[in-house]
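> Residue-level listing of the chains:
Number of protein chains: 2
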Amino acid sequence: MKINKEDITVFVIDDEYVIRDSLTLLIEGTGLTVKSFDSAISFLDQLNTSIPACIVGDIRMPYMDGLELQEQLVIKKCDMPIIFMSGHADISISATAFRAGAVDFIEKPFEPKFLLQRLNECVEKIILDWPETQEKNRLNECYSHLTPREKEVFLLTVNNHSNKQAAKKLGISNRTVDVHRAHTMEKMQADSLNTLIIMAVKMGLL
Amino acid sequence: MKINKEDITVFVIDDEYVIRDSLTLLIEGTGLTVKSFDSAISFLDQLNTSIPACIVGDIRMPYMDGLELQEQLVIKKCDMPIIFMSGHADISISATAFRAGAVDFIEKPFEPKFLLQRLNECVEKIILDWPETQEKNRLNECYSHLTPREKEVFLLTVNNHSNKQAAKKLGISNRTVDVHRAHTMEKMQADSLNTLIIMAVKMGLL
DNA sequence: TAAAGTATTCGCATAATTACCTAGGTATGA
DNA sequence: TCATACCTAGGTAATTATGCGAATACTTTA
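Heads up: the protein sequence lines correspond to chains B and L, in order.
Under this note's numbering, think of the first position of the first sequence as 1, with each following residue one higher.
Under this note's numbering, think of the first position of the second sequence as 1, with each following residue one higher.
If you're looking for bench data, these hints aren't it; they were derived computationally from the structure.
Mixed in with the good hints, there may be bad ones.
Which copy is meant is left open, so a pair is good if it fits within one copy or across any two.
DSS-like, lysine-lysine: derived pairs with alpha carbons at most 30 Å apart [to be verified]:
(1) K76 - K169
(2) K108 - K125
(3) K168 - K202
(4) K35 - K136
(5) K168 - K108
(6) K169 - K2
(7) K35 - K108
(8) K169 - K125
(9) K108 - K187
(10) K136 - K108
(11) K151 - K168
(12) K125 - K77
(13) K136 - K125
(14) K108 - K151
(15) K187 - K202
Turn these sequences into a full structure, and let the hints guide you.
Right, here's the structure in full:
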């Protein structure tokens, strides 16, 4: 499922309303959707991790700074790319941000064009990665609907156990394992064992 | 195949011999092996991409600077991690380096302890990733020994074709596909179809 | 040039796996 | 208590995989 620039939301987070407003105008001018927040906390409150989006935020903010925001996103398993801005440039801080996964770091003040160019690179990457991201989301959604026993069977299956071996390991009949696996494949919408294994790999289970 | 700190080489690249020598002493003191170079060019000349190593280098050097070195490594498909140092700190340059894949960026002058700590993080990651890196190398080696037909069968197999389907697609009997696949599995040292698929994923074929 | 080796191709028979139909026992919650 | 979901299992038919044997063509080497 491909997406376009128009489908991407840019979350602008800055405690200064002047910056928020001008950034919003600037970015909206390129066709992107913008939602702005005056703090990382209010942003996190409404966070929906399942839409294609990225963040443009100040690294230095009251209550919760950019690095703390990053930590929260990691905790929420949200890999939304972040572009940081900072008026108090410091290599040490920028290095920390990058090591924590920031995709870019821009010094204030900056040329509008400069930000737009960086933002565009980021957006292009989101568009490119989105199909895979979606697939992962779908797989995890399917996986969450498996019963505990089905998950056990699933893991044994993709870890190279024939149903007979799995049955022995679980102490149940091989027929029962078949049933669980059949259910698993149905729920995961896998048309074959191979597909199931590939799914497991994509979900990081292998 | 696990490795230890002692198995890792740190390539120190700096045009100032004072820095090279003091860094060498400093880093060797932690048990790591150090090889130093006065330019990126002399480093690239002797580069062996198949050993566990990382680079500690100045970003600003005559002839070839750190960013160009990074480009060269990408061209050589060498993913050796780089820690940059710079005495002329500039967020813009550090951001460029990070976006190009640098793992760290340190401002000169720095506390020896500071560098060692960052270097250690880097080394720990290398140790952690090494088994997987080795496995990838092994798989690619095995894969290169497959005959053209075997590669075809391999790709069809891991892409969810039963041997019957693959046979139809290739216009040959299903028995022949079986033979090719058996050979493939032997050459790849895969004990099952599952393993073969996992290998394909690891090699980035899926 | 002849021999050796490798790659590619199959058939047949057997073993293993999977699909499908059916169905009972056990929790958990409305 | 009834409904729902989960775990369990046997038997048979169909599909698939595997082991053994062997022919043809092309490349390399002695």
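> What are the numbers of the hints that this structure violates, sorted from low to high?
1, 5, 8, 9, 10, 14
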